[in-house]
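Work the whole structure out from these sequences, hints included.
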Amino acid sequence: MCLLMGQGNSGGWRFEGGATNQQYEKMAALSSEFGDLVQIKKQLISVISLCKERGLVHSVKWASELAFALKPLPMSELPPPPPLTKEDVEDLDALGLAKSYFDLKEYDRAAYFLRACRSKKAYFLYMYSRYLSGEKKKDDETVDSLGPLEKGQVRNEALRELRVELSKKHHAGELDGFTLYLYGVVLRKLDLLKEAVDVFVEATHALPLHWGAWLELCNLITNIEMLKSLSLPDCWIRDFFLAHMYTELQMIKEALQKYQSLIEAGFSKSTYIISQIAVAYHNIRDIDQALSLFNELREQDPYRIENMDTFSNLLYVRGMKPELSYLAHNLVEIDKYRVETCCVIGNYYSLRSQHEKAALYFQRALKLNPRCLGAWTLMGHEYMEMKNTSAAIQAYRHAIEVNKRDYRAWYGLGQTYEILKMHFYCLYYYRRAHQLRPNDSRMLVALGECYEKLSQLVEAKKCYWRAYSVGDVERMALLKLAKLHEQLNESDEAAHCYIIYIQDIFSCGELLEHVEVSTALRYLGQYYFKNKRYDEASLCAQRCCDYNDAREEGKALLRQISQVRDQGEASSADVSLPCVFGSLSNNNTPVRRVSPLDLSSVTP
Amino acid sequence: MASVHESLYFNPMMTNGVVHANVFGIKDWVTPYKIGVLVLLDEMTISKRMTLLERRRLNKLILPLQQGPDVTLQQLLKTVEECSPETAFAVKLRLHMMVAGELKDMESFFDTLPNPFSDAESEASKTSVVGLFMRHMLLAYNKLSFSQVYKLYTALQRYHDDYLGSQSDPPAGPAGDADMELSEMELTSTDDGPGGELEKEQQDAGPMQYSELLDEAPRRCPLSQKQAEYFLARQAYLLKNDENKALKPAALQEELNNMLKFNPDFAEAHYLSYLNSMRVQDVFISTHSLLHYFDRLILTGGDSKSNGDEGYGRSLRYAALNLAALHCRFGHYQQADLALQEAIRIAQESNDHVCLQHCLSWLYTLEQLKGSDSSVLTEDSVKMAAHFGLPYLASLGIQSLVQQGAIGGKAANMLMDALKDTDILHWKHSLSELIDISLAQTTSIWRMYGKSTMALQCSQVLLNMNSLEQVDFGVQQNNTEAFAVVLCHLAELHAEQGLFSAASEILKHLKERFPPHTQHAKLWMLCDLKIQFERAMNDGKYHLAEPHVTAIAALDQMEGLYRKALVMKAQNQTTDACRVLQRLQLLCEKTKRTEMIIRVMLTTAELHWESSSFSTALPVLLQALVLARQYHLQALASETILHLAFSQLMLGVPEQALNILHEAMEPILAHGALLDKGRALLLVAKCQMAVAGGRADRHTGLEQAVQTLDEAASYFSRLGCKERLRDTHYLQARLHHALGHTVQRNECALLFRLLDQELPPTRANFTNRL
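Residue numbers (the working numbering), protein chains in the order written: chain A, 1 to 604; chain B, 605 to 1374.
FYI, nobody ran anything at the bench for these hints, they're computed from the structure.
Mixed in with the good hints there might be a few duds.
Stated by the list, open to error - Just a few of them, taken from the derived set where beta-carbon distance is under 10 angstroms, the chain B residues facing chain A:
| id | residue |
| --- | --- |
| 1 | Leu927 |
| 2 | Ala943 |
| 3 | Gln945 |
| 4 | Glu946 |
| 5 | Ile950 |
| 6 | Arg1349 |
| 7 | Glu1351 |
| 8 | Ala1353 |
Stated by the list, open to error - Only pairs whose alpha carbons sit at most 25 angstroms apart, straight line, appear in this in silico DSS-like list of lysine-lysine:
| id | chain 1 | residue 1 | chain 2 | residue 2 |
| --- | --- | --- | --- | --- |
| 9 | B | Lys865 | A | Lys105 |
| 10 | B | Lys865 | A | Lys189 |
| 11 | A | Lys137 | B | Lys755 |
| 12 | B | Lys865 | A | Lys404 |
| 13 | A | Lys136 | A | Lys336 |
| 14 | A | Lys194 | B | Lys755 |
| 15 | B | Lys865 | A | Lys137 |
As the list claims (entries may be wrong) - Label-pair ranges, simulated between beta-carbon atoms:
| id | chain 1 | residue 1 | chain 2 | residue 2 | range |
| --- | --- | --- | --- | --- | --- |
| 16 | B | Tyr937 | A | Gln563 | 36 to 44 angstroms |
| 17 | B | Asp977 | A | Glu254 | 53 to 61 angstroms |
| 18 | B | Thr649 | A | Lys387 | 51 to 59 angstroms |
| 19 | A | Pro438 | B | His1121 | 34 to 42 angstroms |
| 20 | B | Glu1193 | A | Pro438 | 30 to 38 angstroms |
| 21 | B | Tyr841 | A | Glu490 | 52 to 60 angstroms |
| 22 | A | Gly471 | B | Lys849 | 49 to 57 angstroms |
| 23 | A | Met226 | B | Ala704 | 50 to 58 angstroms |
| 24 | A | Glu254 | B | Ala1155 | 26 to 34 angstroms |
| 25 | A | Pro438 | B | Gln952 | 49 to 57 angstroms |
| 26 | A | Lys387 | B | Leu1067 | 42 to 50 angstroms |
| 27 | B | Tyr841 | A | Pro438 | 39 to 47 angstroms |
| 28 | B | Asp709 | A | Lys168 | 51 to 59 angstroms |
Virtual Cβ for every residue (Gly too), placed ideally from N, Cα, C.
Here you go:
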């Protein structure tokens, strides 16, 4: 079924001569949709074997997952193994020996036996072993360095030599897709980012199916303009890359579209895509969608550990203790020394308010992988719960160091300083967070609250209004705005805000915060009464009586209204005044437009 | 894949989420340099045939060597060589042996090291400075793991090799050498050329390579903890005292970024980055760095979680205060106000009086900057600061009060007394910075009062004073604001006396000391422009003065408006000038700049003269006189009297004019500018002529006037004020004619004729001016 749906996707499925590798040139554009997927599967199978021979395990994993999602090929369709060249045959034994050493992490030994080989495959493995050997030594060195300042300076000594050799070959044009990728990695490690991007782009052109090169490229692209400026090979894998990139750049809508079209094109069984979509939903806080997807994922792939930390975040937000507990225990059984497992356990303890233990597990996660961004931020949250603000600040700062674009860490820093009652000080941090997520109402509400505390009411109003305009998550912005107007004696504006608030609440059908609803009704009742619109006022007062805390006032107001009516005062027919219930049907209530959030005037 | 091996920023010493900056407890690490010092010490204890003088020199060297930052072997040997060449040679030899040999040579060195202080008689006994150092080193050495020892040895070898490399002339050796190629590669990271030759060319070509070099240098020889501290301290000191000598902003930022890349916990670097970006007025980076610094500081001082006097709570308070200061410096007064209120609130909550005092002093500064009266606040601040024993803040407050008082017209003796009292305080606590400010302030006050001699003296005192601060980092002179202010005054004073070459000399010096991009450069720019403007106006070259007006207005709006009015008046655009003056007066009254108000009034009076309505000028002038006297502005008062006298002369009461002129003559001749002197004398002569005109002893009166005119002429000629000189010569010629001195008359007439030809056709009403 899904194969037929491939028709819907038009772009990016043609294969044109971007690939230099002979095998891929043969596979150039096939028109029929069915053949399309078969070709993809064939490509995947051959790239899996290529990567496997070179020890690129993560790319193998990705490609295999994708290949698994596609229909199995009949015997006849299976791609033949790539033909051996003369050099390959010569190097066969050395390569086999070296590969076995390589698999056992004896990199220097592997490199030693490969030094005389001339085939491209052997050359890549030779260079890659040297690179990994340098990395391994670097890691070992960090533990016994010669002093505290030296600890950051431990470097992979092999990098420079590798760069010299690779750049020579690069100039000579002797690098194939895999070695180009390695060259890019070396450049990135040497902080030569611009050059690295160019080389990675070249690598994707040379060998589009190697996912590792795309992933590296993904880490180096910082904004959408940069992405647009790159000339990428026109290959189906590019859509996977773009979708991934959009998720990274917080362009969730585009990412979801992309993934949807991929699913429609026939990858509906791919766990990779499902997990990516779930993460995307998590990022836009569509919790229900994300939860259902994750549950589906776990059904299909019960021993999966990747992305389970995100799943646990969702469970945490929903407060689903039993599910979280089940997940945690399950993961511990699979592998307890994984970053994701530790994060899940941390979340579990946090939900049980055992914050010390939670922090402990986040620390363990960080020991397993210090660049694990989420753990730093989550640890910061735990320290906040434990009121250990200094440790919280430290954790958040670390998170920012790892990734400057982590809005949660900025927001957390802001919250920390807010707890320390430094409202002006935290403005800076909230503003940073807001910059990174301009359409997230939480930052705006936080900003508004700070401004309110600093008696900068104009700015506060702007923030609240903006928070409402971008879709308020917690439905607090309007209420706060209304109260602000109330304070400033701007009764018309206050009434407007209350009206929209009540409309919002009632249209949702949830009556959660009825205290606030009653406040709104009470205010509106008084407001209409003052403006002599007794019908609306009595309506409000009647509604007031539904709530315990406002019942007395509602009754009092009703009595007042009847008194006034007895005296024969006519109700004002001023149509310009808005009405709650009359306008429940039409949504275009005229509300005074507060000028859109213009923080530039206050941003230093 | 690569990401598996990522291990950056992982710190195994993290406990409870807080990384302790000094995790290892000891700061001392055995470095190659330290081994060099140890060898030197060992050599000193062993060798017996050292002369006494050499030994003494070496002994003096020990402490700085032990405590100073690591230096290269070349520098180390050079310093030792200056004291004792033989010892230097011995050290070199021993190090060479150690490096040329094997690891065991180094090990045996450390084995035999403790011998000298095993006997109690030795100079290097256990408790001496040297003994302590040796034991520290031994302890640190013994703590090293197996691989660390080997690393130390290779580091030592590299250290020695670097020295050898620097000894032999850096040749353009064979490029086939692997090492050379490596370094070449590093230099040309943008290499696109296929061959080595092209790379070489690129190396010479672009400015790109320079930044690469900069980037590369610290990477090759990473800074040690102490070196980094030394670097930061030095740069911070230079930024404060002599910006010229500090690294250029971009280069400094590069260094800092490097340092932070290696050690993100090095909080001070963030602070320096804040200072550095303040220099280039970059509000974003400076805010970012400041907040980052305090976030980090909170961690390092985070031992006590209490909000008490020490540690964490304290840095929070100062964080808010510093943020206020930052906004204040960038002129965001509203933001500054909010931040300051926050700082005050937190400080109050935790009863931190010292912090509160700092807040208070910022508060009055802020109020002052906003232009409102803050003397009450300042007084409070001074009182409280004195109470809490904070001399710096107290005298800073007093200085601020004095400044406000001087502008507000407080009695001069009170101000001087206050300054004297603070000076005593400064000397007692040796607050050299405040002494400088105090002297500069005195200079300014004298200058404002119109006592040029006193101002001159004060400025010379400051310029000739030896700085109290120890001479650090080879910075002899403090390039602070006080010096800039005093030098500007000096330049203006010289220009007033017609010593233009001296003035331009001073300005040249100012330009060198405070290059245009530095923060105090605006002072001399304004001063330079004013002097040039005055010269152009005196010369009668109004078209030259006009461009200066726009430049002045850019630096000081009101001054610019005033000068604009002057140019307009000179060019006979009377109505325009009048309009500008009226606007200016309103502005001045709002900002309470009394000096400017008086000057505006004087110019307004001159405008009245232009329309020959001398009597209407009188009330304005009288008002100006009252103001000038009230604020003790003697120079302006004298000038007002000149104006009054002139009005009286023109109204036909020269006797009265002469009478009041006598009052003004003395201060003008004593303190006034050359121009004022000349104008005063010319006026006197005119009055004398007018008085003599109707009297019996006309002859003697005219003789007197001739003498006065001679003097005036000499002043004008020194000033190069040609228009006035021409007028004077004209009057002289007329007088000589009346007195019958034909020869002198012809002489003066000739002079007049020459000047008249040179100058553009005169305006009709030249008599209508002072």
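Right, here's what the structure says about each hint:
1. Using the Cβ-Cβ criterion of 10 angstroms, the hint placing B:Leu927 at the interface with chain A is satisfied: the shortest such distance is roughly 6 angstroms.
2. With a cut of 10 angstroms, the hint placing B:Ala943 at the interface with chain A holds, because the nearest CB-to-CB distance is about 5 angstroms.
3. This hint holds: B:Gln945 has a C-beta 8 angstroms from the nearest C-beta of chain A, less than the 10 angstroms allowed.
4. Because the closest C-beta pair between B:Glu946 and chain A is about 5 angstroms apart, less than 10 angstroms, the hint holds.
5. Below 10 angstroms, beta-carbon pairs count as interface contacts, and B:Ile950 has one with chain A at about 7 angstroms; its hint therefore holds.
6. Interface hint at B:Arg1349: violated, since its Cβ lies 72 angstroms from the closest Cβ of chain A, which is beyond the 10 angstroms cut-off.
7. Given hint, B:Glu1351 at the interface with chain A, is violated; its Cβ is 69 angstroms from that chain's nearest Cβ, farther than 10 angstroms.
8. Annotation: interface hint on B:Ala1353 violated; nearest CB of chain A at approximately 68 angstroms, more than 10 angstroms.
9. Taking the CA atoms of B:Lys865 and A:Lys105, the gap is about 30 angstroms. The hint is violated against a cut of 25 angstroms.
10. Of the pairs offered as hints, the one joining B:Lys865 and A:Lys189 holds, with about 13 angstroms between alpha carbons and a cut-off of 25 angstroms not exceeded.
11. Distance check on the hinted pair: A:Lys137 and B:Lys755 sit about 13 angstroms apart at the alpha-carbon level, within 25 angstroms; holds.
12. Taking the CA atoms of B:Lys865 and A:Lys404, the gap is near 14 angstroms; set against the 25 angstroms cutoff, the hint holds.
13. With a CA separation close to 23 angstroms, the supplied pair A:Lys136 and A:Lys336 stays within the 25 angstroms bound.
14. Restraint check for A:Lys194 and B:Lys755: not satisfied, since their Cα atoms lie roughly 33 angstroms apart, outside the 25 angstroms limit.
15. The suggested pairing of B:Lys865 with A:Lys137 holds, with an alpha-carbon distance near 20 angstroms, which does not exceed 25 angstroms.
16. Roughly 54 angstroms separates the CB atoms of B:Tyr937 and A:Gln563, a value that falls outside the hinted 36 to 44 angstroms.
17. Against the hinted window of 53 to 61 angstroms, the Cβ-Cβ separation of B:Asp977 and A:Glu254 comes to about 59 angstroms, which satisfies the hint.
18. Separated by about 57 angstroms at the C-beta atoms, B:Thr649 and A:Lys387 satisfy the suggested range of 51 to 59 angstroms.
19. Distance hint check: the CB atoms of A:Pro438 and B:His1121 are about 36 angstroms apart, consistent with the given range 34 to 42 angstroms.
20. Between B:Glu1193 and A:Pro438 the CB atoms are about 46 angstroms apart, so this pair departs from the stated range of 30 to 38 angstroms.
21. At roughly 55 angstroms, the beta carbons of B:Tyr841 and A:Glu490 sit within the given window of 52 to 60 angstroms.
22. The hinted range of 49 to 57 angstroms is satisfied by A:Gly471 and B:Lys849, whose Cβ atoms lie roughly 56 angstroms apart.
23. Checked against the hint of 50 to 58 angstroms, the pair A:Met226 and B:Ala704 passes, with Cβ atoms roughly 53 angstroms apart.
24. Hint check: A:Glu254 to B:Ala1155, Cβ distance near 53 angstroms, so the stated range 26 to 34 angstroms is violated.
25. At roughly 37 angstroms, the beta carbons of A:Pro438 and B:Gln952 sit outside the given window of 49 to 57 angstroms.
26. Taking 42 to 50 angstroms as the suggested C-beta distance range, the pair A:Lys387 and B:Leu1067 does not conform, at roughly 57 angstroms.
27. The given range of 39 to 47 angstroms is respected by B:Tyr841 and A:Pro438, whose C-beta atoms sit roughly 43 angstroms from each other.
28. The given range of 51 to 59 angstroms is broken by B:Asp709 and A:Lys168, whose C-beta atoms sit roughly 39 angstroms from each other.
In summary, the structure is inconsistent with hints 6, 7, 8, 9, 14, 16, 20, 24, 25, 26, 28 from the numbered list given earlier, while agreeing with the others.
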